[in-house]
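K.L.:
The lines below spell out each chain.
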Amino acid sequence: MRLDQQQQTRRFYDLVWPHRADVLRVARFLSRDPIMADDLAQECMLKAFRGLDKIVAGPGIKAWLLQILRNTWLDRLRASAARPVETSLGDLSDEPATEVSVDTAGTGVWGDPRAVLEAFSDQQVIDAVQGLPEEIRWTLLLVDVEGLSLQETAGVLDVPAGTIKSRSHRGRRMLREKLLPLARELRLVPSETKERSSRMEEI
Amino acid sequence: MNSEIPNRDESVESVDRAISARLSKLRSMPVDLTNLEKAIKAQILPPTNQSRWRALALRPLRAIAASVVLVSAIAAAILLSASSGPVLAEAAQMAQVHREIVSGKIPVTQVSSINAANHMLDQEAPGAPSLPQLPDSHVMACCMKSVHNKKMACVLLKDEGVSVTLAVASAADMKLPTAPVQSRNGVEYRVQHIGDLSMVMTERNGKWLCLIGPMPADRLMDMAAQLQF
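As you go down the protein sequences, you meet chains A and B in turn.
Start counting the first sequence at 1; every next residue gets the next number (the numbering used here).
Start counting the second sequence at 1; every next residue gets the next number (the numbering used here).
Careful: at least some of the hints might be erroneous.
[Claimed, not checked] List of simulated lysine-lysine pairs, BS3-like, C-alpha gap at most 30 Å:
#1 A/K165 / B/K25
#2 A/K165 / B/K158
#3 B/K25 / A/K178
#4 A/K178 / B/K158
#5 B/K38 / B/K25
#6 B/K38 / A/K54
#7 B/K25 / B/K105
#8 B/K105 / A/K54
#9 A/K47 / B/K145
#10 B/K41 / A/K47
#11 B/K25 / A/K47
#12 B/K175 / A/K47
The set of hints was computed from the structure by calculation and includes no laboratory data.
Remember, predicted model here, so these are calculated numbers, not experimental data.
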């Protein structure tokens with residue numbers, strides 16, 4: 001379908017414009033530099049404008065935009081020859097999600113996990129997410145933050161849905177491990193020594 | 001020993017669910033869209049601004065019209081501020097309030113529920129109109145504003161990532177504008193548009209309500225329908 005300029009503009013403001021906050025938010029999670037995030041989101045929106053004749057209106061627009069954002073982000077990483085500082089996914093095997101239950105992040109100490117997590121500021125949670133490996137971070141951003149389905153996320157990241165499921169589990173475990181020391185520091189959960197001594201008492 | 005395994009799994013599941021829920025809350029974090037919107041609009045003119053030649057041709061007429069509007073607005077403002085009866089919150093004025101809240105130009109207090117917003121507003125301005133109940137996941141920040149010396153409680157909401165301002169005042173203090181009326185579930189809304197913003201105003205339970213956001217007016221009316229008094 002070939003659109004004239006006016007149709008394309010109207011389509012842009014009808015379909016793409018309502019998702020600008022989603023695009024910018026994900027860009028801000030990817031880049032710690034707000035100017036770079038604005039620039040990334042802008043490039044993504046302009047690419048979407050140029051590609052409007054390739055899509056049909058529907059619920060998949062947000063996933064399509066986030067896919068453009070991801071490709072733009074990867075292009076920039078490649079262009080700057082800057083590899084993400086985090087661990088490469090190649091070093092992490094896609095083990096089945098069920099194995100995650102053997103965890104080391106002392107889930108028992110969390111008490112009421114919702115209350116503990118609510119006590120963290122948004123920025124503390126964002127900092128923890130930003131410290132995750134690239135693909136894990138993308139998975140949590142799309143599944144948990146943006147609320148995309150496993151299928152939609154799989155489409156954006158170009159991997160099978162099963163991989164998304166295991167990455168989500170692994171990502172949440174990693175986040176748990178990252179946040180636990182902070183929770184201890186803020187005295188939201190018992191300290192390691194207290195936890196150990198209470199275990200000893202139980203024995 | 002075996003009985004510990006399901007407990008541990010359960011506990012892992014519960015922490016994972018809590019992490020997922022905490023992450024989903026980040027979706028309602030306000031993002032300052034000012035620079036992005038400005039940059040995009042500079043490259044892709046919104047549909048209403050497409051015919052630049054016509055705009056150029058109409059420029060002198062528009063200037064005169066704008067002057068007339070400005071003079072009328074000033075006169076109206078003087079008249080209204082001098083009176084103690086209900087006042088009219090103009091669409092442009094409300095759009096400005098919304099933009100300033102979203103861009104952070106107006107100091108706001110971050111809140112996570114309507115109860116917290118009402119508590120804060122009551123402390124700031126005792127006797128201020130209270131906000132109706134809304135799902136807490138929508139609530140982001142609140143502040144108190146005045147329109148022609150009439151108090152108005154404002155709360156910044158998020159609807160699928162889009163910022164919406166809800167303003168509430170006493171119905172005795174505010175007038176509804178002369179604007180097209182749309183009915184939804186027996187409630188009449190005055191619907192206005194300014195730039196990319198839609199605005200719906202109505203009166204319910206002795207309160208004047210205004211919802212403003214960059215979305216179709218229908219969606220704003222749906223949000224208004226969720227308010228509980």
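K.L.:
It remains to establish, for every hint, whether it holds in the given structure.
P.N.:
A quick look at each hint next to the structure:
Taking the CA atoms of A/K165 and B/K25, the gap is about 20 Å. The hint holds against a cut of 30 Å. A distance of roughly 28 Å separates the Cα atoms of A/K165 and B/K158; the hinted pair therefore holds under the 30 Å criterion. Note on B/K25 and A/K178: the hinted pairing holds, with a Cα-Cα distance of about 19 Å set against a maximum of 30 Å. Annotation: proposed proximity of A/K178 to B/K158 holds, straight-line Cα distance about 28 Å (limit 30 Å).
For the hint pairing B/K38 with B/K25, the CA-to-CA distance comes to about 27 Å; that is within 30 Å, so the pair holds. For a cut-off of 30 Å, the pair hint linking B/K38 to A/K54 stands: about 26 Å separates their Cα positions. In summary, the hint linking B/K25 to B/K105 is supported, as the alpha carbons are separated by about 24 Å, within the 30 Å threshold. A threshold of 30 Å between alpha carbons decides the hint, and for B/K105 with A/K54 the separation of about 39 Å lies outside it, so the pair is violated.
Restraint check for A/K47 and B/K145: the C-alpha separation of about 39 Å exceeds 30 Å, so the hint is violated. Under the criterion of a C-alpha separation no larger than 30 Å, the hint pairing B/K41 with A/K47 is consistent with the structure, at around 14 Å. Taken as a hint, the B/K25 and A/K47 pair is honoured in the structure, with Cα atoms around 28 Å apart against an allowance of 30 Å. Using a Cα cut-off of 30 Å, the hinted pair B/K175 and A/K47 is violated, with the two alpha carbons roughly 45 Å apart.
Hint compliance for this structure: hints 8, 9 and 12 are broken, all remaining hints hold.
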